[in-house]
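Line by line, the protein sequences give chains E and X.
Residue numbering for the first sequence follows the numbering used here, starting at 1 and increasing by one per position.
Residue numbering for the second sequence follows the numbering used here, starting at 1001 and increasing by one per position.
Just so you know, these hints were derived from the structure itself, not from any lab.
One should not assume that every hint holds.
Unchecked claim - Computed footprint of chain E on chain X, listed as stretches where at least three residues anywhere in the stretch have a Cβ under 8 Å from a Cβ of chain E: (1) 1676-1689; (2) 1752-1766; (3) 1770-1780.
What the hints assert, rightly or not - Derived DMTMM-like pairs (lysine to aspartate or glutamate); straight-line CA-CA distance at most 25 Å: (4) 66/E <-> 1071/X; (5) 75/E <-> 143/E; (6) 1371/X <-> 1297/X; (7) 1106/X <-> 1368/X; (8) 1456/X <-> 1368/X; (9) 18/E <-> 1774/X; (10) 75/E <-> 1770/X; (11) 1063/X <-> 1140/X; (12) 75/E <-> 1774/X.
To be verified - Pair ranges (Cβ atoms, derived): (13) 1103/X <-> 10/E: 54 to 64 Å; (14) 1595/X <-> 10/E: 49 to 59 Å; (15) 1742/X <-> 86/E: 27 to 37 Å; (16) 10/E <-> 1777/X: 30 to 40 Å; (17) 1040/X <-> 96/E: 24 to 34 Å; (18) 1715/X <-> 96/E: 46 to 56 Å; (19) 1674/X <-> 93/E: 34 to 44 Å; (20) 86/E <-> 1525/X: 37 to 47 Å.
It should be emphasised that the depicted structure is a prediction, and the values quoted were computed from it without experimental measurement.
Positions of the beta carbon are idealized from the N, C-alpha and C atoms, including for glycine.
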Amino acid sequence: MKKTGLKTNDLILQTITKIVLFIVIIFSFHLFFAGHNAPGGGFIGGLITSGAIVLLLIAFDVKTVKAILPINYVKVAAFGLLIAILSGIGSFLFGVPFLSHTHGHVHIPVLGDTHLATAVIFDLGVYFVVVGVTMTIIQTIGETE
Amino acid sequence: MTFLHWAILFPFLFAFMVPFLYKTFRKIHTGWFVLPLPICLFIFFLQFLPGVKYKEGIVQTVKWIPSLGIDFAVYVDGLSLLFALLITGIGSLVVLYSIYYLSKEKEQLNAFYVYLLMFMGSMLGVVLTDNTIVLYTFWEITSFSSFLLIGYWHYRERSRYGALKSMLITVFGGFSMLGGFILLYIMTGTFSIRETIAQSSSIADNGLFIPALILLLLGAFTKSAQFPFYIWLPDAMEAPTPVSAYLHSATMVKAGIYLVARFTPVFAGSAEWFWIVSLFGIFTLFWGSFHAVKQTDLKAMLAFSTVSQLGMIMSLLGVGSAALLFDHFEFYSVAILAAIFHLINHATFKGSLFMVAGIVDHETGTRDIRKLGGLMSLMPITFTIGLIGAFSMAGLPPFNGFLSKEMFFTGMIRVLNMDVFQTETWGFLLPVLAWIGSIFTFIYSMMFVFKTFAGKLQLENLPKKPHEAPIGMLIPPIVLASLVVIFGFFPNLLAYSLIEPAMKSVMPSVLKDGEHFHIHISHWHGFTAEFWMTVGVVILGIFLYLTASKWKRVYDLQPKRMTLNQLYDHSLKTTGKTSNRLTSFYMTGFIRDYLVYIFAFMIMAVGATMIIKQSISFAADDAAPVGIYELILSIVMIAGSITAVLARSRLTAIIALSSVGYSLALFFVLFRAPDLALTQLVIETVSTALFLLAFYFLPELQKKDKTRRFRLVNFIISAGVGGIVTLLAISASSERTGKTIAEYFLETSYSLGGGYNVVNVILVDFRGFDTLFEITVLAIAALAVYSMIRLRTGGKDVEENGFKNE
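Just chain E, with the same shape it has in the complex (with noise of 0.2 Å):
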């Protein structure tokens, strides 16, 4: 990220981080999903995906990171305000209150009887806004000479 005198090397770093990176996005997903009923949810979610995509950040640099992964985070954080949104206003359809969540027993054909709450939808905006947050800033603040 930063131009030193000194040239670095990220050798052990940057092999580590190529592995480590998946288990940490895999384990962000996984505290997504199980954040109704375990620890975890789409605010902590969002962040360990955010820490991932630092880690990338800080073992390689942001020109290459930003080849990698061409994505305009302001957009993602607006996406993710959409979804939480949209899930509000969504009740409307119902003839209920607004951001009112419900939740049930759903049968999905290869996992079975499944439960399931519309809260997940509010969640999965926080996801993103988090996200787009954090990147948001994180880029752009390493961006600047």
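We have chain E already, so just place chain X on it with the hints.
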């Protein structure tokens, strides 16, 4: 959700699709896709016509925020149906007109139709809702969309100026109106307009009645461009002509009229309402028509004319409100009848005149009447439409404007028969001003049509070679002009289908069940006072029109300084400068100063509250024993904090600070709060990364910063914050009595929220609103960081806005 709700929301939903349609079908004008929507809505609303005639209005409610009494309630009665038909009807014509007016190659059509649909939906919302908070919400959206449409050609300086002006004035009014609604809520305990009306007799003596009345009227007067707030409307003419025809003459500016009409049952009968509404209205009528005559731009002339006509409708509503006090109310309620009738007529003739002005502008390239003239033979159809519209506006038979103008005179003359509210002393002002205003109305109507179409053709002054407009552009004004003629000959078509139900909504209390107003609109009443007033208007009008060059110097007598526009410009500039000076007084640009403000405030606010409430207490009875892990972690944290303070380099300070954060996470683990521990760990990691990033840009720590005073302030602040937080924590745990809210959440987390993780259920479900606002704030903060760093302009933008601190 019923179809009525969807009817309001359809334009918004459709607005989402417009950009995609625009991108996909570049060859087809986007307007063609939009056109079916208002037409379908118009037909949809037409089918309510028989319904409102006989029964009470239709109410459909969807719960929105029931805990606060805010519901998305839709109420269709005569008045709201009349407006809904105007909005969708004129809307269809305007969309058709805009297809020919705006070029699909040059203009940003996607933006245009998104704004227009946004307006249409919000305007329908304003007139159809029964809930004042919902009304306010839609009301502000109409202001926003009007702002966007006025500033549509945003590269023009005048457009931006006009847009800002309309926004500031109407939003000021809207905000006052919200205050009025809240006062009404305090008095009645309901946000529903119908329930407020039901309680109207009991609130008249309330001390808040007059403030509520004034605040509400501020909203109505700013929106409907009444004196002295009208100044935004002439500048709003920078918008494309279809917009001016739609928003700034036929619909949005009538929202204020709607508000006054809708709340007449609540406020009518009070002297304040009568005098404020009718005097401001009648003066606006006079002032607008007087100034319309001196305009040289066709659209500016129409803008002042709109101001004047709105004043006329407003004054009629004011005068009509007194009818409630009399037994023979039908004698006085003719003013209300005239107001509603003229509302329809104005939409037809003014809409067509705006379209004529747009055609002239489009085909000749100018709207300046000094350059125009002699277009009669080149544009015969446009001329005919203009003639019909202008004669109707002037109040000449056989057009519909004549009928409502006569009725207007009747309403004003009958004020003289009233003996309430001291009408015997000042009441004569109303007919006198009405008459003078009508003379000027006659003059500018004649100027509009004859200066443009008669006289000598000056081809050399016209930027384009004029010819008749394409047929698509002519259809909408032809439709409106035919309505002018049809309503002129057969006014009673409207009498019981639209006007009578609307009158019933304005004055619901005077009629008993099954009764209805008797309406008969006729052309000839005999040689009455109204007749002679019209004759006088015509004769004096023709005389003054012909001698205009002689007396026009009157306008030079007006002071050039101290006008309302200058007052607006000046106060805007002063506000900008003052706030700039005030802000730069405390916004030093040093984050450490801001932290001092924040922490000092926190110490004082929390400390003072704790002392006043006497809530400082120390109880260690049920404290758990301190174990070895807690002890070690505490020592690490203390050591970390001290290192952070004493560190000589920022890097050391950052690392020391993170050690404090990680130890805190371990504390959460010890106290079995895995969610908090996880969050704290990740937050700490990400914020350390952020610190390291920001650290790169910060200057080295310097010795000279550390003066004695600086250190002393820092010491006091940090000791204060530490002390207060410690006190708060200890007092909070020792004051604990009874059940905490935690138990409720633990019990209901699964049954209501469907999750075992209470923290998460609280975040996304129980306190979902908080989370929604939090993520919104987060997103705003990210955008702020992004724009501050990316779009560094070096202070140029400050100069452009004129707020530069000199």
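Point to revise | Hints breached by this structure | key: Numbers 4, 9, 14, 20 - these are the hints that the structure violates, sorted from lowest upward.
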